[in-house]
Amino acid sequence: MSERARWDPYTRALAAFALLGSSAPGALDAMDRSLAESGDNLQVCHALLHGLWLGDGLPDQAERILELAAWPAFDDGDPIMLFRTATAWRRLGRRAEALAAIGSAFEALDPNQPDVHADFVRERALITSLTQEPQHDRGH
1 MSERARWDPY TRALAAFALL GSSAPGALDA MDRSLAESGD NLQVCHALLH
51 GLWLGDGLPD QAERILELAA WPAFDDGDPI MLFRTATAWR RLGRRAEALA
101 AIGSAFEALD PNQPDVHADF VRERALITSL TQEPQHDRGH
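Residue numbers (this note's numbering): 1 to 140.
By construction, these hints were calculated from the structure, which means they are not laboratory data.
Heads up, a few of these hints could be off.
[What the hints assert, rightly or not] Listed next, with one range per pair, are the computed distances between beta-carbon atoms: (1) 100 <-> 33: 17 to 25 Å; (2) 8 <-> 114: 31 to 39 Å; (3) 131 <-> 8: 39 to 47 Å.
Here the structure is a predicted model, which means the values were calculated and not measured.
Every residue, glycine too, gets a C-beta built ideally from N, C-alpha and C.
Given these sequences and hints, build the entire structure.
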């Protein structure tokens, strides 16, 4: 039996997270295997979503974030899932969807999470700057 086969589903998801976060070859395959093994486990889904969000230049990354965020394990009001969804919409240039997602994330966020709140504010700033016209061009 291989070492990986003895790991629990969350440990295997953490291995996939590491591959995703470093944009390593085989990362998406590892994510898909992990989901197939334990796709209804919320901790596994969060680990994979986080790794997918951290990755840089993974093929169809934004689309894969949206697919994973729609996974049944996630609650529609999960603020972290909504935050990651907002990032995906922003990367796709879909400003309205990104603003709606980050707005919902703010509404669902516990007020006792100021560190996460700051991440949400940064994401909202990135979204709002997506299609803003420069000041000097307005009204001309």
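Discussion item. So, against the hints stated earlier in the document, which numbers end up violated here?
Written reply: Number 1 only.
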